[in-house]
Amino acid sequence: EAGVAQSPRYKIIEKRQSVAFWCNPISGHATLYWYQQILGQGPKLLIQFQNNGVVDDSQLPKDRFSAERLKGVDSTLKIQPAKLEDSAVYLCASSLDTPGANTEAFFGQGTRLTVV
Amino acid sequence: KNQVEQSPQSLIILEGKNCTLQCNYTVSPFSNLRWYKQDTGRGPVSLTIMTFSENTKSNGRYTATLDADTKQSSLHITASQLSDSASYICVVEWFNGGADGLTFGKGTHLIIQP
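Sequences listed follow chains P and W, in order.
Under the working numbering, the letters of the first sequence match residues 622 to 737, in that order.
Under the working numbering, the letters of the second sequence match residues 418 to 531, in that order.
Hints should not be assumed to be uniformly reliable.
[What the hints assert, rightly or not] Quick list of in silico lysine-lysine cross-link-like pairs, BS3-like style, CA-CA up to 27 Å:
no., chain 1, residue 1, chain 2, residue 2
1, W, K434, W, K523
2, W, K488, W, K474
3, P, K665, W, K523
4, P, K665, W, K488
5, P, K636, P, K692
6, P, K683, P, K665
7, P, K632, P, K704
8, P, K683, P, K632
9, P, K699, W, K523
10, P, K683, P, K699
11, W, K418, P, K665
12, P, K704, W, K523
13, W, K523, P, K683
14, W, K434, W, K474
15, P, K683, W, K434
16, P, K632, W, K523
Derived from the structure by calculation, the hints contain no laboratory data.
Please construct the entire structure, taking both the sequences and the accompanying hints into account.
Given below as C-alpha cells:
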C-alpha cells in the first residue's frame, strides 16, 4: 500500500515570499490533516479535512495560511506571505476515518520549510 | 485545555539497556492513546494503540501501559538497539459527540549509544 506522499521535501524561501505544499493521501482515506512541527516540538494541527470539508481549522493562521482539498483527495497548503517563524516541517497525514472512529493516522515524510 | 506532557525531554542510554518514557495527559473525553516513533527526517509511525479499558500492550520490544484513572501512560523499551534512536511521541485521541481530534505531546528524544 502506497503511503502519504508529500512534495517538495525541502523548500527555502525568503520572508514575504509565497510557498505551496502538496499532499496525496492514502487512497480511500477520508480524513486528511496538515500539521506544523517546529524543531524540538510535537506536531501542531493546522487543519483537518473530512473528505473535502473542513472539520477543524481553529489553529490555522488564516491571515497567511490557506488550505484546500479539491474533490476530497489531494490537498495543498499555502503560506502567503511567509514569516521567519514559519520555518518548520509541515506534515500531512491521512486516516480512513476520524479519530473518534479509532483509525490510525498515517504520516507523510513532511516538507521542511526554511524561511530566511 | 487538552494537554499531553511527556518526560524526559531527552534521554541517552547505552545499547542493550532498557528505558521507560512517560506520558501524562489531561485530554477529555479520552478515546485512545497511541505512541508514535518519529525517525529524524521522517513522519511519525504508530507503535501501539490503547483504548480506555486496556492496561498494557506490547509490540516486540516495546511495551505500553495505560492507567486511565491517573491519566498516565508509559512506553518501555527492552534491550535497546541503535535503530531505536528517534523521537517518541504520545498522542491522545479524543471524541466528543460530533467533534474529535488528536492531541500531541512534544515527544521524548531518545539516543542509543553503542
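Now the hints, each set against the structure:
no., hint, verdict
1, W/K434 x W/K523, "holds, 24 Å"
2, W/K488 x W/K474, "holds, 16 Å"
3, P/K665 x W/K523, "holds, 9 Å"
4, P/K665 x W/K488, "holds, 21 Å"
5, P/K636 x P/K692, "violated, 31 Å"
6, P/K683 x P/K665, "holds, 15 Å"
7, P/K632 x P/K704, "holds, 14 Å"
8, P/K683 x P/K632, "holds, 21 Å"
9, P/K699 x W/K523, "holds, 25 Å"
10, P/K683 x P/K699, "holds, 10 Å"
11, W/K418 x P/K665, "holds, 14 Å"
12, P/K704 x W/K523, "holds, 23 Å"
13, W/K523 x P/K683, "holds, 24 Å"
14, W/K434 x W/K474, "holds, 20 Å"
15, P/K683 x W/K434, "violated, 47 Å"
16, P/K632 x W/K523, "holds, 24 Å"
Comparing the model with each earlier hint shows violations of hints 5, 15; every other hint is respected.
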